[in-house]
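Undergrad: What follows is each chain in one-letter form.
Number of protein chains: 2
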Amino acid sequence: MNHLIESLRRIVGPANVLTEGDLSAWENDWRKRERGKSLAVIRPGATKEVADVVRACAAAGVSIVPQGGNTGLVAGSTPDASGTQVVLSLQRMNAVRAIDAANLTITVEAGCVLQTLQEAAERAGFLFPLSLAAEGSCTIGGNLGTNAGGTQVVRYGNTRELCLGLEVVTAQGEVWEGLSGLRKDNTGYDLRDLFIGSEGTLGVITAATMKLYPLPSARLTAWAAVPSLDAAVTLLGLAHRHLGAGLTGFEVMGQFALSLVACHFPQQRVPLFQDVPYCVLLENSDHESQAHARAQFERLLETALESGCVSDAVVAENLTQAHQLWHIRESIPLAQAEEGLNIKHDISIPVSRIPEFVRVTDALLAREIAGVRLVNFGHLGDGNLHYNVQAPEGGDASVFLREQEARINTLVFDSVQAFGGSISAEHGVGSLKVDKLEHHKSPVALAMMRAVKRALDPQNLMNPGRVLRM
Amino acid sequence: MNHLIESLRRIVGPANVLTEGDLSAWENDWRKRERGKSLAVIRPGATKEVADVVRACAAAGVSIVPQGGNTGLVAGSTPDASGTQVVLSLQRMNAVRAIDAANLTITVEAGCVLQTLQEAAERAGFLFPLSLAAEGSCTIGGNLGTNAGGTQVVRYGNTRELCLGLEVVTAQGEVWEGLSGLRKDNTGYDLRDLFIGSEGTLGVITAATMKLYPLPSARLTAWAAVPSLDAAVTLLGLAHRHLGAGLTGFEVMGQFALSLVACHFPQQRVPLFQDVPYCVLLENSDHESQAHARAQFERLLETALESGCVSDAVVAENLTQAHQLWHIRESIPLAQAEEGLNIKHDISIPVSRIPEFVRVTDALLAREIAGVRLVNFGHLGDGNLHYNVQAPEGGDASVFLREQEARINTLVFDSVQAFGGSISAEHGVGSLKVDKLEHHKSPVALAMMRAVKRALDPQNLMNPGRVLRM
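Protein chains in written order, with the UniProt record's numbering: chain A, 1 to 470; chain B, 1 to 470.
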């Protein structure tokens, strides 16, 4: 191993091979679910260095854990506890390489922080629409590796849909020059989408060409009280029809989730629609004007009020109010944490089946686990719920988790599967859900995934044990 | 082989195993570039039958050519001349299985004709936006297999972006139940996008769940004269800013292409903007009203006229006029055929580089090949040109093709590569471009494609020789 470390020092420079001191920022996952130990943390500064690192590790039979901002929620980018894995941090490769305004594209290195990318786009007069809670520290490489979702998916899709081309270092340490600003390219298999969402198990994404959009002239936010989840689904259909592609956000929040925000962050002033089980946050982006956006929004909400799928609603009067409303939505996970340890499920279900899924699964959990409290919120426009489980009031949450987590996961995931859903909507598999995937994914799909993994990483050195056990 | 034929008759019924009579509809490709000879044409009626056929063929070591409407342009779905390949026609599997209105999805079998799918969506009050010249006879399975593009890609993406899930029979004859109405699902490798665009070389797509969109309230068409391709690119940028997602079509047409329509189809009355080198067809789809769409369009065109990137423009007064304008655009390939044999190039280039690409390549061809005539048109909004070459006026086109086609292809494709483009934007590779792909695709990408092919189809029985030579 000393020989390998020496080689790595030559490739990236001694200062960029970290083997001593506190490496917990790279070795522990963001949720502190896993504490790892690395052989070394390597911080290459260029694609060629990444390729050289991969070749050196492959020659030594040492496995590599690619890492961006280390903000993932499924322990997919941190080393295991063996002390034999190398963490390959892309953080130094953070350049915005080029913006092509007429082509509506931006080319960035993998370590570019999402917010930096958003700001570079905005300075050039464009929107880069990917937006999620960790945007101040997650990197575009990590977003691509996990096919991150977020709050604008209802209009712009996941990270996958925003990417036109990739530069990748393969498991053999070769550079695939797949950067491309083309919106149409039918020359063979879609390698780009194979790497996107593969969580570093097939190779290392080093750069990407991403789509840009014109900046909308106005973005308006509304908050609507809905009498049921069925009503929320009806409202979603009306919003699609009235706003078309203007509908850029559609978030649902259960009343208990909101009550946690009101309780732990009283300064946030949650709108007083406490007599309804759910509220919905809607965003309307408009290419014409603020006035037009408001008129469209008001027409939608009038129709919704008349039809009964909305019982009350407010449209934010200005940007500050809009931010306040979004901030309430984004504070739910923090309020949950304040309330105590909890069990998170990032699931998706066909939109049409969500109300029944929630009825059935709420009842099932209430029956099986006394006093359980459900924090249900998420991106209803994409069929994506964060269906989280809080320990009974006053109980010891860590005892509850120890005793009930496995059972609750099984109950929830079995129900998800019965409703045609996915046990990981936007967070990925990492190491936390590897065993669950084995259980819930079809054997035919798993066999094809293993065949692809063996084909592209025959030594099983790229982030082994994540996504798939080989 | 008799034993295999007997097995196939048992699986799909004797009437659905065609071995005699005129099979040219299945054996010859649409452009009549290749005349094949099949061992048999098999027409299964259900997914299980497809799986049984694939297993029977695999056991006999017989290769399979999946086929939809046989309207492809690159000879990718017809058998070779050996008489040893089975054509697997999906035409009988043409059901619309389900429409889920609240989920905005439709599930259809592979043999469903695109127009049937469009009409089923419209009857349910939705838009299925994929639209292309062959829509009356191509099938959604073929569209998926080739990742077809068409005229709405600027807003809705290629077939790939419209698909949420697939049902596939693998090369081993197993059924992958990958149908899904989920917009977010991060549970492992993206097998869906691997099959899309693989032209039947990895398995057989038997059904798909596709996205639906709300029907727009209005669709307006405009025709604009532009003084140059640079001006057309400027107009595209203005259209994105003014119309946002309302911009659902942006086609460019060179004056010579239009003159061929005017000459061969004089009844079509091409708008009289003959003093400009290019015209642009724009479409604006609106969720509000006809009046709003028109006001938006007029504001865009006024701005464009003032800035000089448009010299003249008309907005269609009604649906009939709009259809007439689109019909002119769609008649260009037919007018080309009337003019004589020609050489087609379906290429893409970053939008920003298209004007220079055309200047450089036009000049190169004019210098190298005396009297050459260029029919240039296409989906400028996607960077996709149909950059076609017509024989010199009055010459013998078949002699010209025989003597010049290879050389012209080389000149054009080398120029495409120099400009960071693709030699197949929306038509695929098939057998016509296999050798070209070998030359223009990066060796790293080709090696990964071959590894994936070997992993999923180790016997090389799925449409062998198309896309990749193994």
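Don't read these hints as lab results, they were simulated from the structure.
Hints are not guaranteed to be accurate.
Where chains are identical, the list cannot tell them apart; a pair therefore holds if satisfied intra-copy or between any two copies.
Here are the computed lysine to aspartate or glutamate pairs in the EDC-like style, where the Cα-Cα straight-line distance is at most 16 Å [as the list claims (entries may be wrong)]:
#1 Lys48 x Glu174
#2 Lys344 x Asp362
#3 Lys37 x Glu330
#4 Lys37 x Glu20
#5 Lys37 x Asp396
#6 Lys344 x Glu177
#7 Lys436 x Glu317
Undergrad: Which of the stated hints cannot be reconciled with the structure, identified by number in ascending sequence?
TA: As far as the earlier hints go, 3, 5, 6 and 7 are violated by this structure, in ascending order.
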